[in-house]
Structure formats: structure tokens, C-alpha cells
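With the hints as a guide, bring the two chains together.
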Amino acid sequence: MPALKERPKPFVLPEFCKGCGRCISACPKHCISMGTEINPQTGLTPVVLDLEHCNGCGLCIDACPEPYGLQQTPADADFELQDPEKLFGDRMSDAPEPVDIPNQVVPLPKMEPLVLKGNYAAAVGALLAGCRHFFGYPITPSTEGAELMAKLMPHLDGTFLQAVSEVATVNMMYGCGGAGMRSMTFTSSPGFSLMLEGISYMIGAEVPGVFINVMRGGPGLGNIAPEQADIKLCCRGLGHGNTHAIVLTPSTPQEMLDLTMLAFELTFKYRNPVIIASDGYLGQMTGKVSLPESMVKPGIPKWAVYGDLEHRRNLISSIYLSEVDLEKWNVVLNAKYASMQVEQRADLYMCDDAEVILVACTTPARTAKGAVQVLRSRGIKAGLFRPITVWPFPIEKLKTVLPNAKRIVVVEASNGQLEDELKIALANARIREYPEIEHVRHYGGVLPQMEEVILKVAAGQEVTV
Amino acid sequence: MSSVVETPAPPRFQPGDYKSDLKPVWCAGCGDFGVVSAMYRAMAELQLEPWNTVVVSGIGCSSRLPGYVEAYGFNSVHGRALPIATGIKVARPELNVVAVGGDGDGLAIGGNHFLHASRRNLDVFYVLMDNEIYGLTKGQAAPTTPSGDKTKSTFFGNPEPSVDPCELAISFGATWVARGFSGDMKGLVDLMVAGMSHRGFAFLNVMSPCVTWRGDDQFKVMKAKLRSLPEGYDRSSRAAAFAYTRETETLTTGVLYEAHEPSLLDRLEAQRTKAMEGHEGLTTEKVLKVFFPPF
Ligand SMILES: Cc1ncc(C[n+]2csc(CCOP(=O)(O)OP(=O)(O)O)c2C)c(N)n1
Ligand code: SF4
Ligand code: SF4
Ligand code: SF4
Ligand SMILES: [Mg+2]
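Residue numbers (my numbering), protein chains in the order written: chain A, 2 to 466; chain B, 2 to 296.
Chain B extracted, bound-state conformation (with noise of 0.2 Å):
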């Protein structure tokens, strides 16, 4: 047995290695900027190694994080970061693929593509940055955008009611969902360390607020309502998480739901194996019989 104390080596990477060499072009105040931030960090914390992670984004202020994140990744299509890391993913199951983006990417033109990924409990951990706008197109109405709200495209008020992206990945099956909040640095970096270490279909919606196209008091507004969850919360409880959804008084943080199931990459796994039992190795005579098996 050793005396000796050993002084732990200084972890291999920095939050600032993680650090691209682009300028974030988001207004002074934007709270994107406490989401790649935090997201920085906890990549170090994970010590993901930049070269096996990917991040993926569509279209939207939001969507500009990648370009600002030290690892692979691109700025998609309009609302299909997810179809194209489900692409990622499945093509190279060992990557850590990350997808981000804004309440209009990913709740109307990409809602289809976030609710069968919900479903498919897919090997992903996807970060919505939540302004309740659109921001990159200037300030026109999001799903997420509360009824009533004036907005560019809702000069009378929005005549429609808002989403809870929360509540709708936990009905589709996500099996982790949680909500931040983008002035929460320590609560953001421990809610993202979990989700990206989650097996499935980790879901992270951050409000982050659009200091222009929303207003200064956004922030301040939000910050009034945070809330954590209490003292001996159930989070494998759907019907304890929807509690804390559709909340308009309050902005509960924390880890609403969290389920352990078999993730899309698990059950395709399954069936390959079970598929290939009895003819691995690829001889001729083995793929003869997969298309003619003796019946």
C-alpha cells in the first residue's frame, strides 16, 4: 500500500478547449450565450472528446451554436437537425451526437421530426433554446410564444395557445426530459452533464430569452418565476412531471421525467442479432440463405 498522495492529473480538456475559433454573432444579452457556455462546460466535465462528438442544428439564432462549439457538426436544414443526427447516429452509433435549436425549428416546421424521436427514443441528447420567437427571422410568433403575446406576425394578440415541449417529449416517450434556464449556469451545466450521459432520448429545454425581439425584461421576467423541483420528487412519474408543464406562473427547473427503456440504437441492435443468429461471417452460402431460406 502507498503513502503517497497522488496529486490528480489536470483533466485532459478545458471549457475552453471546447471553444471554436468563430465570434458568436448573437446581440449583446442573447441567452444563447449562457447555453453554449454551459454547454462548454460540460463537455469538460464529461471530458468528451471533441473529435467523437458531433453537433448538429437547423436553422435559427440558436442554431448558429455548432459553429460555436470545438467539435464536428454544421448548421442544417430548417427543422431537421433531428432526422440528421437520427442519420449520424445510426451510421456511427460510438459518436456523441448532440442536437440544438430554437422553439421554431424544432416545434413547427421540425414538431413532426421531434415527436418521432420522442417516440423512437432515439441516442440523441437535443437542447431546444426556448425565446418564444423567432428570432433570426425577427420576431414573428413561435409555438412556444404565449397566447395573447404581440408579436410581429400576431399584431392582435397570438390567437393561438402556446406548447409545453416539455410535456409533449414526455408523451411521445422521450425518456429524459428536463428544464433550464439560461441564467442558471451550475442547474444548465448539471442538467446537460446528465442528459448527455443518458441512454435514449435526453430532451433539455432551456428558456433563453430573445433580448430583442421579446425585450430587455424577458430575463428578468423568467428569472422571477424559477422554481426547482422539491424535496423528494418522483422523476420516473409521468403524471408527477405533468405537473410541472404547461406552468405559466412559475418556470420549474430540473429533471421532470426519467425512464430507463431501450433506446432506437438498443432495439435495432436486437434485432440484429437475433437476425443473424445461427449465419454470422459472410460466406456465400450464409447470404444465399438469408434471400432463400429453406422454407
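Looking at chain A on its own, in the form it has when it is part of the complex (with noise of 0.2 Å):
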């Protein structure tokens, strides 16, 4: 009679035991007990085995929910092998490696200029920049961008689709930015705080998409007039983790749709989510809108996880467990943050000599610029200064205009938020002789009016004429 073969026993690859503890009760001769201690890899604390009644039944085996939590012991065990590298080897693909299909610029006929509404005016940006897959959930002031999409991309052979939530919207757009393809939204203040989340697993993957938020009134349902005080989510709140996104805010119909062509360019020559900060008067202003001389039919990125043969190769991911890995990767995150510094934009109007520079975006920079203009006619040297991403801040445009400077005036429906961004701004540069800042603010859908502007100016100003 042949010998009976010992069974194999059971070994414990810690790195992978998340310590759920299941081999624990699935072991019928108790073998098994909770470690005590921690796994300075994963941070969780993995199970410990002691095999003196082991029969080598193998059920915590199948008990172990981790493909590598728990082995067979091999018959000549050498605990070097507990590298899974070594043990189970790399993870071999002949896939070819992928290359970069290019975009294509397509130009487009003369055309005379749209009359559009800014939402309206976004979706026909996000349509020439070759966007073809729109997500998104209904919520005023922001749905008409929506609608149009619905009513043209089955045209142009694109999807639209009509998510559950903002958390749904967000996740689609996740999948199909991780394929390589050009997605986007419309949202409003409460719809985009339901999409950090998602945000922040993005840019953690390095996942494009653009955000169109047509701020709206706060906090909590608030109302639906126009609204600034998401600035503060966009620029230092998108999710948890050390996170960043170009933020674009347009001022006109003409700039919600130039500022999204460029959106889709930034979002995927970065491979990071742009946010464009709308406001819900700008998404319902029509006004006259010049189409662009050309149009853009994407390609394919090489990293896409586009599902093909020449894809395969592909990951994309925002886990890394060990905490040395992470940081690496934080670094590079932080580094390409870093990077995007080089896209800071702005719009000066009358700054050469300006003595007072108001700062404004969106629609109060329209009021600060009627404002300039009456200032000016009275003879008070008034410039406006108009970020065109407020992240990064365009402190470099800002420099140059700083040495006339006497007052530097904020106009903002936030509580502050465009303000803070121009302090961190003047901060990190360095730059410590500044006037003192002044401002006119509102809230809660109320907009600085031009009047209030001229006041505050117009008093403590010599008038010089």
C-alpha cells in the first residue's frame, strides 16, 4: 500500500491578509488566531497560524476571500518565496505596447456667430472638442446644457445618458475617461458636492473629465440664482486626499465655450479633471457666440484602458496599499500640480495704470468691468484684473500689475472664497508688499452691484480730473 502523501498545510502571505478573520472560523481544529500585530505594509493585522493540529483540510484555504491571503505550503518551503513576485511571477501579456492615436483638427466653415445661452454655449464647446459620452442629472440652473446634449449627440453618434444622481454621473464619467473617451457634465452646487468622491478617485487615477459647475445659491438647497461659493470645493476641496484641478471660470457665453475646448485639451494633457466654475446667471445669459476655425476629432490615448488588443497592457488605479508607494505617488501627483502652474490665466483690463485694481471672475467681473469703465470717465485710475483660472491663480499676470497698485478691491458673491485664493496666491509668491485688500461681496444669489462698486471706490479716491 503507497504511503498516504501528507497534505499540504497553510501559510500566511501577510502583505496580503486583510485580517477578516474568516479562515479563523472556517478552521475546524482551531489552528488559526488574530494576530497582535499590525503589517507596516497594509496597516491591517494579519492572521497568525499555529500548525501543530493541522490536518491540512485546506477549507481556510477556500475560506480566504484574498486570491494570495493564504498558500499551500510547497513541498520544499523556503520563506523567501513569500514574494509573490517570486512566487507566482510577474504578470506576463504579449500585448503590443500601446501608442498614442492623435486627435485630429478638423476645420470648420465660416460661419456667422450664435446667439446662445452660456449653457447652451458650453455644450456646443464640449461638442466641437469632440466630446461624444455627456452624463449628467437634472438641477437648475444648469439643466438646458443637458438638454441640448440629449437633443445632439445621438446626431453625431454620441451617448447621452441620464444618470440617477450626481454620484452615478460622476462614476460613469470615471469608466468612460478610464477608456480614453472625452466625457463630461453639467451640475450645480449641490450636484457637484455629490461628485467629490468621484473627483478625487480621478485625479488619484488620473482620470480626464470636465465638470461644468453652474454655481448656484447656498449652503444646502439655498436657491437657484447665481452664486460663487463653490470657488473654495474647486480650488482646495475636490475630495478627500492631496488633490488639484485647473479651474476655469468664464465670463461670457463666448467664454463658456472657448474655456471648454480648452478644458477637454487641459483635462488630457494633464490626464486630471478641469473644472469649469460657471455661475447660474452666466448659464442663462444668451449672448453672441463666434465658433471657433476648427473642430476636434479625438484618437485614442496610449494609456487608455480602451479594451482592446493593443490596450492590455493598461491599468488604471487609484490603490496603492503600501504607504511608501503612495507617497511616491503623491509626489508625482503633486509635481504634475506643480506642472499645471504654467496654464495660469488672466484678462487685464485698463491695469497698465491702474491705481485701483478691482479682482472679480465670472459675472461680478462683468460688474467690476461697467464699473472700471465709469470710474474711469470720472477720472479715477481703476483697472480690472480677471482670473481666468482661479487654480492655479494667475499670480504672475498679478505681479505685473502690483507696483502701481494702491487699493486692490475684491468683487464676489462668496464669503470671501476668490479673496483667500488671491491671499494664498500673494502668499506663496512671496509677495508681501500689497495694498490692503478691500472688498463688496454677497451671498445667496444676491450679485455685487455696480453701484456698490463705484461707492466703494469712488470714496477715500482722489478724483484726479
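Calculated from the structure, these hints are not laboratory results.
Be aware that one or more of the hints could be misleading.
[Claimed, not checked] Computed cross-link-like contacts, DSSO-like style, restricted to lysine-lysine with a CA-CA straight-line distance of at most 30 Å: (1) A:Lys329 x A:Lys270; (2) B:Lys139 x A:Lys289; (3) A:Lys118 x A:Lys270; (4) A:Lys118 x B:Lys139; (5) B:Lys151 x A:Lys118; (6) A:Lys407 x A:Lys424; (7) B:Lys24 x A:Lys152; (8) A:Lys298 x B:Lys153; (9) A:Lys289 x B:Lys153.
[To be verified] Away from chain B, derived, C-beta distances all over 10 Å, residues of chain A: (10) Met112; (11) Lys152; (12) Pro155; (13) Val165; (14) Asn172; (15) Gly238; (16) Leu292.
In this text, a Cβ means the ideal position worked out from N, Cα and C, and glycines have one as well.
Okay, structure coming up:
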């Protein structure tokens, strides 16, 4: 009779054990117990095995939900084998190296300018930028943008999908962007709040996508009138972790189109979401919009998990279980955020000799511009500094006008969120000499009025004419 | 024995007592008017004390309802009426908790909460005002919008199949499930009285037309499809109930399903009672015993 071969006993791979304890209850011989030491690589507490009574039944291995948690001890057990790379070998792929399939630029015929609502202009911009996937959940005052997409997408071989919430929306964008496709959404403040978790995942996994936040009055349900009170979310609060994204602030329907096109370029250039912070007024406002000279027919980036043989090797993930790896990844992301500083953009209106610099973006910038014109007609040297990116804040441009400035007045529809960005940018640029910052602020859907800006500036201003 | 026939004292609360001072801002002809009126009557029938009653909602036209009812309650976060109602009920089990809202609120963004409130048999009466559209955001498709219908977000016709909320609730374990129509006041009041009296998750889907975004004739169309459950219908059978879900040509109203099973609060209470056995009252020794049981 051949001798019964002893069945192999289990051993635990501590880096892969999450300490769920299922094997403990599975073992009929009570060989397994919860460990007491945290594994430094995972931050979890793996189980420990005492195999004195083990009969090799293998029930624990069946119970373990982790593919590599428990293994059978190989006959010539050598615990260097605990390195899973050596144990299981590298994942082999005979897929070819993926290559970039570049975008094509398709010239457009000359056309008369269109008269469009801000939200429509942004939707048209997205289509011209080659976006063919729209996901969104209705929310006033952003919905017309989505409704236009619903009408146009099927004509353009695109997909419009109404999600069941903003949580669903952002995750659809995560999937679509991961496949290397151009996707976008329209939302407004409460919806944007719900998307933040997903945006953090997209940033962590380097997935592009364009979010148009037509900001409305808050906090809470607030109202549907314009506010700028999500600037802090866009610039400082994109979900958990060390996150940043370029935040574009249009102030005309034309810019709603132009900046949406730019947003698609940037989101793929940096493989990072881009936020367009518009406001309820601008979204609803109608204006003349000229179409660009060309549109984009997108290719497929080489990193995409496109789902074909060429892209077999690609992986999209934001999971880095080891602290060391995750820190390295954060360093990479931080370097990427730093490289985005070159995207600083601003519009300077009558700033060359300005002694009073108004700082404003989106709709309040229109008010401020009107105020500058009136103030100039009264002989006050006012100018408007209008950030087109609030993150990165266009501090380099601001530096050029600071030497003349005797006053800085921030005009905004929030409790100082734009002003905070300005101050952080000044501090980061180590600028210590600047006039005390004054402001005109409104909240809750009330916008700063031109008259009060003029009054604020004119008070305490020597008129030189 | 007395031969004097006592005239019963008039009830303490009349339907009008549940009407708040706010004037509804719904469009003229909106089905939600019928729902709120039925609610006043049902509350009067049960003589619910306004100060022991909470009506919560999410966001939507229909979710404005709590503002029009004289009770505690609020218009909360889009899709989150049920988790908020759960919090209230668990904190104050003796209150009558009613949750209300629209089809978008309860089935799209709040769909997950609806499934799990059903599964848990949460002790809440939930009224879903189903107009097959997103009313407040001006006419986009909802999960109950029939397939093929044109709306502002389904320009080429709704490409998605719709869902029957009653079927969902029954499948997920709700223990009282009914369908009503906002134009049938008497029927609706009876359903609400029964739903509010049920122990466990009671779900009432009220077909409540949106005249503005589904057109003037949604009311007529629904009315023409109205049917009652047949004589002798067995409401304890899930299989029987499913025969009256996903209807297209008919709209059957009545209690489709009813079961008597322990509610969420019953189960929680049973656990507490068991866990507290032998150490009722909070002496230091007993607290220590909870944290350091003798092994
Ligand atoms: C997070 C969030 N997303 C979107 C909205 C916008 N919104 C308000 S009500 C609503 C849907 C309304 O439809 P329904 O629940 O069916 O109620 P009805 O108006 O039809 O009664 C939406 C999408 C919001 N308030 N909050
Ligand atoms: S092989 Fe069987 S006896 Fe050995 S540890 Fe696993 S469950 Fe226990
Ligand atoms: S079942 Fe696997 S993951 Fe869970 S404790 Fe056991 S070894 Fe660890
Ligand atoms: S839009 Fe529709 S649901 Fe809203 S109040 Fe008007 S009729 Fe009622
Ligand atoms: Mg609805």
C-alpha cells in the first residue's frame, strides 16, 4: 500500500491578509487566530497560524477571500517565497506596446456668430472639442446644457445618458474617461458636492473629464440664483486626499464655449479632471458666440484602458496599499499640479496704469468691468484683473500690475473665497508688499451691484480730473 | 345600564386642522393637491396629534408637501428622505413618521435608500407621488417615465425601460404595498389610513399627474385605466401581487401586498432586550461587565 502523502499545510502571506478572520472560523482544528501585530505594509493585522493540530484540510484556503491570502506550503518550503512576485511570477502579457492615436483637427467653415445661452455655448464647445459622451443629473440652473446634449448627441453618434444621481454621474465619467474617451457633465452646487468623492478617485487614477459647475446659491438647497461659493470646493476641496485641478472661470457665453474647448485639451494634456466654475447668471445669459476655426476629432491616448489588444497592458487605479508607494504616487501628482502652474490665465482690463485694481471673475467680473468704465470716466484710475483660472491663480500676471496698485478691491458673490485664493497665491509667491485688500461681497444669490462697487472705490479716492 | 344615547363628542382634529398656513405653489391641476388633501383626511381619521407626527421629504415639486401639513417635518436633501426618516424614527420611535417625495427623488437618486428601507421593514409610511417625470427641474425623464416617451431629456423617446416601484418594494421586503390615484380621494384616504396604521414599511405609490410636463391629458389617461383589485384578492401572496405590477393598459389601485413580520424597530428592540438580560440598570459593575465580560 502506498504511503498516504501528507497534505500540504497552509501558510499566510501577511501582505495579502486583510485580517477578516474568515479562515479562523473555517478551521475545524482552531489553528488560526487573530494576530496582534499590525503589518507595516498594509496597516492591517494579519492572522497567525499554529499548525500543530493542522491536518491540511484546506478549508481555510477556501474561506479566504483574498487570492493570495493563504497558500499551500510548497514541498520545499523556503520562505523567501513569500515574495509574491517570485511566488506567482510577473503578470505576463504579449500585448503590443500601446501607442497614442493622435487627435485630428478638422477645419470648420466660416459661420455667422450664433446667439446662445451660456449653458448651450458650453455644450456646443464640448461637442466641437470632440466630446461624445455626456452623463448628468438634472439640476437647475444647469439643465439646459444637458438637454441640448440629449438632442444633439444621437445625431453625432454620441451618447447621452441621464444618470440617477451625481454619484452615478461621476462614476460613469470615471469609467468613460478611463477608456480614454472625452466625457463631461453639467451640474450645479448641490450636485457638485455629491461628485467630489468621485473626482478625488479620478484625480488619483489620472482620469480626464470636464465638470461644468453652474454655481448657485447655498449652503444646502439654497436657491437657484447665481453665487460663487463653490470656489473653495473647486480650488481646495476636490474630495479627499492631496488633490487639485485646473479651474476655469468664464464670464461671457463666448468664453463658456472657448473655455470648454480648452478644458478638454487640458484634461487630456494633464490626465486630470478640469472644472469650469460658471454661475447661474452666466449659464442663463444669452450672448453672441463665434465658433472656432476648427474642431477636434479625438484619437485614443496610449494610456487608455480602451479594451482591445493594443491596450491590454494598461491599468487604471488609485489604490496604493503600501504607504511608501502611495507617498511616491503623491509626489508624482504634486509635481503634476506644480507643472499646471504654466496654465495661469487672466484678462487685464485697463490695468496698465491702474491705481485701484478690482479683482473679480465670472458674472461679478462683468459688473466690475462696468464699474471700471464709470470710474475711469470720473477720472479714477481703476482697472479690472480677471482670473480666467482661479486655480492655478494667475499670480504671475498680477505681479505685473501690483507695483502701481494703491488699492485692491475683490468683488465677489461669496464670503471671500476668491479673496482667499488671491491671498494664498500672494503668500505662495512670497509677495509681502501689497495694499490692504478690500472687498464688495454678496451671498445667497445676490450679486454685487455696479453702483456699490463704484461707491466703494470712489470713497476715499482722490479724483484727479 | 343607561338608556341615554350619548352624542359622540366631535373629533378633536378636523382635516382642516392639518392644513398649514403655507399656500401650495403647485401648478393649477397638479395631482399633488389630491395627495395632500387625502393626507389631511387620513390624519383626521386617525386623529394623529400634529406634535407627534413628522412628515419628511427630499426635493422636488411633490417634496414640498411637508410644508403644507401641520406637523413636524421638513423638505430635506434630494433623494435622502428615507435615511432622514430612519434617523428620526430610530431616535424617537413613538412618533408617526411619514416620508413623501417624487419618483426621481425616491427611485433615481434615492433608489438605493428605497430598496433598503423596504428590506429593513423600516417603520415608516412612505408616499411616492409618481408623475412619471421630473417636475421641479422642468420635465426630464424619470425612472417611471414609460419607455419611448419624449421628454426634455429624451428627445428621441425614452430609450430606457421604466420601473414599477410597487414591484420593487415587494421584491425587497416591504410588508405593505399599495397603489393609489390622486384623483380618487376616497380610495386614497382609505389607503393612507391603512398605510399609516401598518407596523413596518408601508409603501404607497400614488399616480399623481404633472399637468405641466406630462400634458393636460395625463389625468384623463390615468383615470381611464383605473381598475380595482378583484373580489377575493389574496393580498398575502407576493405572486398574486406581481400580476398587478408593470401594467400598461390598466392601473390597478388597492393594497397589492400585506404581510405581518417584525419591523426594524421590533428587531432592534428584541436585540436590545436580549443583550441587556441580566444587567438592566447602569451600575458601574454592570457597565464593566459589558466591556470586560468574564471569558
Ligand atoms: C443633488 C441634487 N441634484 C439635483 C437636484 C435637482 N432636482 C431637484 S428636484 C429633482 C427631481 C424632481 O423629480 P421628482 O423627484 O420626480 O419630483 P417631482 O418634481 O416630479 O414631484 C432634481 C433633479 C437637487 N436638488 N439636488
Ligand atoms: S488546513 Fe485545515 S486544519 Fe490546517 S489550518 Fe487550515 S483549516 Fe485548519
Ligand atoms: S481569510 Fe484570508 S484574509 Fe481573511 S483573515 Fe484569513 S488569511 Fe487573512
Ligand atoms: S410641474 Fe408638474 S409636478 Fe410640479 S407642480 Fe406643476 S404640475 Fe405639479
Ligand atoms: Mg416626479
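Here is how each hint holds up against the structure:
1. A:Lys329 x A:Lys270: 21 Å, holds
2. B:Lys139 x A:Lys289: 26 Å, holds
3. A:Lys118 x A:Lys270: 28 Å, holds
4. A:Lys118 x B:Lys139: 17 Å, holds
5. B:Lys151 x A:Lys118: The given pair, whose Cα atoms are some 23 Å apart, holds under the 30 Å limit.
6. A:Lys407 x A:Lys424: Roughly 16 Å between the alpha carbons, so the hint for Lys407 (chain A) and Lys424 (chain A) holds.
7. B:Lys24 x A:Lys152: Violated, at about 37 Å.
8. A:Lys298 x B:Lys153: 28 Å, holds
9. A:Lys289 x B:Lys153: Holds. Lys289 (chain A) to Lys153 (chain B) sits at ~25 Å (cutoff 30 Å).
10. Met112: 23 Å, holds
11. Lys152: Its Cβ does come within 10 Å of chain B, the nearest being 4 Å, so this is violated.
12. Pro155: Given a closest Cβ separation of 6 Å, the condition is violated.
13. Val165: 4 Å, violated
14. Asn172: Consistent with the label, Asn172 (chain A) stays out of reach of chain B, its closest Cβ about 13 Å off (over 10 Å).
15. Gly238: Correct as stated: the minimum Cβ-Cβ distance to chain B is 18 Å, above 10 Å.
16. Leu292: Holds, because the least Cβ-Cβ distance between Leu292 (chain A) and chain B comes to about 22 Å, which exceeds 10 Å.
Hint check: violations occur at hints 7, 11, 12, 13; the rest are consistent with the structure.
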